[in-house]
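Trainee: If you want the building blocks of each chain, they are given just below.
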Amino acid sequence: MFVYFSKRLLGAIPVLVVVAGIVFALMQFAPGDAVSMLISDEASEADKARIREAWGLHRPPVVQFLNFLAKAAQGDFGMSFRYREPVMEIVLARLPATVELAMAATLVAVLVGIPLGVLAGARPGSIWDSLASTFSFAGISMPNFWMGILLILLFAGHWHILPSGGREPWGLGLDRITGFLLLDALLQGRGDAFAAALKHLALPAIVLGTNMMGIITQLTRASVQEALHEDFVMTARAKGLSAARVLWRHAFRNALIGVVTIIGLEFGALLSGAMIVETVFAWPGIGSLLVQGISSRDYPLIIGLVLVYTTIFILVNLLIDLAYTIIDPRIRIR
Amino acid sequence: MPEQLLSLRNLTVAFGPSAKAVVHDLSLDLYRGEILTLVGESGSGKSVMVKAVMRLIDHQGGRITGGQILLHSPGKAPLDLVRQSERQLRGVRGARIAMIFQDPMTSLNPVMTVGAQLVEAIRQHRPHEEQTAKARAVAMLEKVRMTDPMRRFDQFPHELSGGMRQRVMIAMALVCEPDILIADEPTTALDVTVQAEILHLIRSLQRQTGMGVLFITHDMGVVAEIADRVAVMLKGRIVEEGPAARVFDQPAHEYTQRLLAAAPKFREADARPGAAPPQAAPVLSVSHLSARFPVRSGLLRRHTANLHAVEDVSFDLHSGETVAVIGESGCGKSSLAKCLLRLVTAQEGRALLGGKDILSLSGPELRLARNDIQMVFQDPYAALDPRMSVRQILVEPLRIRGLHCSPEASDGSLSALIARVGLPTDSLDRYPHQFSGGQRQRICIARAFVLRPKVLIADEPVSALDVAVQEQVLAVLERLTKEEGMGLLFISHDMAVVERIADRILVMYRGGLVEQGPAAQVLARPAHPYTRRLLEAVPVSHPGRRFARAPASGVTSAPVYPIGASPPLPMWDKVSSEHRVRRWEDAP
Chain A
12 MFVYFSKRLL GAIPVLVVVA GIVFALMQFA PGDAVSMLIS DEASEADKAR IREAWGLHRP
72 PVVQFLNFLA KAAQGDFGMS FRYREPVMEI VLARLPATVE LAMAATLVAV LVGIPLGVLA
132 GARPGSIWDS LASTFSFAGI SMPNFWMGIL LILLFAGHWH ILPSGGREPW GLGLDRITGF
192 LLLDALLQGR GDAFAAALKH LALPAIVLGT NMMGIITQLT RASVQEALHE DFVMTARAKG
252 LSAARVLWRH AFRNALIGVV TIIGLEFGAL LSGAMIVETV FAWPGIGSLL VQGISSRDYP
312 LIIGLVLVYT TIFILVNLLI DLAYTIIDPR IRIR
Chain B
669 MPEQLLSLRN LTVAFGPSAK AVVHDLSLDL YRGEILTLVG ESGSGKSVMV KAVMRLIDHQ
729 GGRITGGQIL LHSPGKAPLD LVRQSERQLR GVRGARIAMI FQDPMTSLNP VMTVGAQLVE
789 AIRQHRPHEE QTAKARAVAM LEKVRMTDPM RRFDQFPHEL SGGMRQRVMI AMALVCEPDI
849 LIADEPTTAL DVTVQAEILH LIRSLQRQTG MGVLFITHDM GVVAEIADRV AVMLKGRIVE
909 EGPAARVFDQ PAHEYTQRLL AAAPKFREAD ARPGAAPPQA APVLSVSHLS ARFPVRSGLL
969 RRHTANLHAV EDVSFDLHSG ETVAVIGESG CGKSSLAKCL LRLVTAQEGR ALLGGKDILS
1029 LSGPELRLAR NDIQMVFQDP YAALDPRMSV RQILVEPLRI RGLHCSPEAS DGSLSALIAR
1089 VGLPTDSLDR YPHQFSGGQR QRICIARAFV LRPKVLIADE PVSALDVAVQ EQVLAVLERL
1149 TKEEGMGLLF ISHDMAVVER IADRILVMYR GGLVEQGPAA QVLARPAHPY TRRLLEAVPV
1209 SHPGRRFARA PASGVTSAPV YPIGASPPLP MWDKVSSEHR VRRWEDAP
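Heads up: the sequence lines are chains A and B, in that order.
Residue numbering for the first sequence follows this note's numbering, starting at 12 and increasing by one per position.
Residue numbering for the second sequence follows this note's numbering, starting at 669 and increasing by one per position.
If we strip away everything but chain A, and leave its shape as in the complex, we get:
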């Protein structure tokens, strides 16, 4: 098992190099000049050339890229043009916020989507089924930004129950241990901070999770319906098992394989959705950081962020592969 994981992680390195190469090439073709971020437009050509040299931008792109790789191998991903700080420091400081948001959104999607899908699949044509269809299609078709604004208007603007943005109120005074606020609040026994963090997390997590929830509901419904027509379900019924047991223990576990796959794939969509949601809710994560980085041509920051995204995606899919082996004994890790 350990060897398998090490192998998979080593296999991720070439992927990261290729991804970095693609992003680097795209930035070369993008219009505009990075130097404009580093020095005022009114600066003299000589000053600009000096800056260029100082940041290594005067070299041919291929050399720049190879330099970047060589340094990255030692853990140095360069300096952000805008913040003038090491890229990885900025990214890692904001990473927990996005991970917390993405996990909360996935939790919302799974906790609502799977039970709804199973009920709809078990009773096609019932009220649960119509409810699931309505819910999931709304979730799939509603754009994140629109739903975000709508919920802010209702919950923050109209009813004043939930905050309209940010991750924590001013002056919460919670020490960072892990960077995950909910976890840090629990570790320090701060019930008030936990409640405050949860309130801030609620709206963005719901908005980010609805799309995935819709897809999970639809897929669970279809998989459960299919599984209920399998021969072994007939066997289970012939044993005299209750309908609930047949559904959850026999049909659902077999339906879960496809659902888990889609959770892994959708996690990628979730990360890109997070960029929008983080912007709408002023969430201090890496999604809004990337949006800022792109608008300010902060190339080192962009590459660093894209590599972090890629790594998260690879890790999540590794976890999914692990989940397969737990769900289905026919799948074995080699």
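Don't read these hints as lab results, they were simulated from the structure.
Be aware that a few hints might be false.
As the list claims (entries may be wrong) - Chain B side only, calculated, beta carbon under 8 Å to chain A, not exhaustive:
(1) Glu788
(2) Leu1085
(3) Leu1203
Said to hold, decoys possible - Covered stretches of chain B (in silico footprint by chain A; criterion: 3 or more residues with CB under 8 Å from a CB of chain A, positions within the stretch not fixed):
(4) 765-777
(5) 908-921
Just so it is clear, CB atoms sit at the ideal spot from N, CA and C, and this is done for glycine as well.
Add chain B to chain A, keeping to what the hints say.
Mentor: Same frame as chain A, but now just chain B:
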């Protein structure tokens, strides 16, 4: 008077919004200590009827629209299952009536261990036996004669063979000691030797427990092997019912007579006149053909061993001759066919077809050679593209060879072709779904035959068909072989079918040939222990011919050897001038 267990009274089962009845006004009684077989062809409604008994049909869109299903208990008024709630039915399912199904591959939950599935049944009906549930499950596995029951308890279904899975199904059904066992074609998906083992097991368990067994089958041979009483079902009605011997000796209904007449009778028909030993050069000459598949293992998925699917197989096929390859699943007979069609790459050997080695051809030459060797597959439902008309299906092979404007593709010759395989004359512009299984198989034969091949390979071409239809398809194949001088390589596990059609027989066991010779000689005087075991397992054709036997089980799968290791070279002994048997060391 034996104790009545179950009575069906005027049962009617219907499907769909129009309430189309599939089972009509059916009445039947099952007594303690008997095996009642319900026999009928596919679509006769027998499966629907038995699923209705446990009200499982409710979950498949069926409805009981009339009649009673009375479950008797000593000293109590009978319980009408038609009027029970789902909750009450759960107390009956698995506890009073248990069921085993046709396909053991799909009837067990793949994600639960064998033990968990057994214990679940015990827990459902005997909640107070929580502590002893595991012991009880293991004891039950032992009772169905599973080797090493403690280990099987923790295994998953995919780790077991088909026969073992069916034993697990039986164990699961009987673990709560039901009075009634319903077996829905429990041996249809199994090899013939495994079928013999399972029939023997059901019979002996029934004797031990005295339960009543309702056994559904389409195979008169299985009926002859196991039935005490027989009920014959046709179009949702029972047309004849009686003691097994009486039904076989004096079938009263015309349909029963037809079923019995169509049933294959193995080793009873007058021996076919053995074809004269052919003098001409063979159309297909296979020598030392081997096909191996890599077995990978270890962390780096290294190629460490080979599965010898086909090992050192040599034989000749002459024009106008039918050679049957017999053996059980996994013995390599389908891999052999795939090698000859170049669907699988053979590692060694030659196969001369019209003087050319088809195993070494490539490009245009291979395409040309493929005109001469064609194939008919087992499942006529899966082998035809549902969106192509019969005309398109028949013209496609011609078009691939650029012959679609040739006279062969004209209406006249296509009509002549479908007439030869016995299809109605207006078939050309119809689609596969408009035909029955037997007719579809004729379309497949016509498609294979449209290029006038020298060799036709038929892989279990009648296994998916009802017995009455089997005979017609075999007749078509036989006629084409003899009239056109085609060589037919006929792959089958069904001895009665092989006896009916084969001139010569090749017996395949674990990848290699173990016996070959003229059909009559091999069937009458099998020399290899495996051939004998195979032939003994064939169901008898009359209840009176049953004989007590405890079938021996054995491996049939292809052997795995490490890289570089080569299996021992086969040594052949002569039984007679044409009949040869491979020397063996220990009984398989």
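Trainee: Would you mind marking each hint as holding or not holding in the structure?
Mentor: For each hint, the structure was consulted:
1. Glu788: Interface hint status for Glu788(B): holds (7 Å vs cutoff 8 Å).
2. Leu1085: Violated. Min distance 39 Å.
3. Leu1203: This interface hint is violated because 32 Å lies over the 8 Å limit.
4. 765-777: holds (count 8)
5. 908-921: violated (count 0)
Consistency with the previously given hints fails for numbers 2, 3, 5, ordered from lowest to highest.
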